[in-house]
Amino acid sequence: GPRARFWGDQSVPGTGSPGWWQPLRYKLVIKLRGIHSPVPAPGKLLGEITTPYYLKPYPNNNISTWDITVPKGFVVKLNFWQFNLQPSESCLSDYVKLRTITADKKDLGQYCGQLGSATGNHPGVRDFASKGSWMRLMFHSDFSNAENGTLIPYKGFLAYYQAMGEYESSTPCRRGPRPMHDKGVGGWVRRKGSGVTKGH
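The sequence shown: position 186 = 186 (UniProt numbering), numbered continuously.
Just so you know, not all the hints are guaranteed correct.
What the hints assert, rightly or not - Straight-line alpha carbon distances no greater than 30 Å define the calculated DSSO-like cross-link-like pairs of lysine-lysine that follow:
1. K97 / K155
2. K131 / K106
3. K155 / K56
4. K131 / K97
5. K97 / K56
6. K72 / K97
7. K131 / K72
8. K106 / K72
9. K106 / K155
Hints were generated in silico from the structure; no laboratory data involved.
Modelling step: build the complete structure from the supplied sequences, incorporating the hints.
Printed below as a string of structure tokens:
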């Protein structure tokens, strides 16, 4: 079934505090086939999102959506640590779309492909920041990952996200998983579909 886990680390290395990995309470609402599963969650919003079955090839005909919301005065920052989707012209087959709240309602972009692929739009190593306290990530896959009759095992993506103060939004995210040793902020993640969410 779907998995959604949050971990938190509230100790600092070298301090002797017990429990290097201490669970945080979190609030996550999962919507999957009409099932809602709320759990309470104060603490810094920090975690990862992956395609279904990552690191195995992602399934065909899948739509998964994650809504990340943080308190007023904070923004969501997100980057892709791994990104391997079927490339296509204008990313109309398999893709990831990022959206945030802006006056002109523009998306943060639609991405697909592999680093260096001739077609597609790879996100590279850039950081994406929301305009305001909300960001949506949507993953879409079409009916097939075959090219010229050959099945290609695209692995999907691994993305890291975190809540940051607006004044920090121009500071690059530290890439990859990392422990949390600062004071947290509350946040919400709402997931629709069958992707995988992990957080801490």
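Sort out which numbered hints this structure fails and list those numbers smallest first. none
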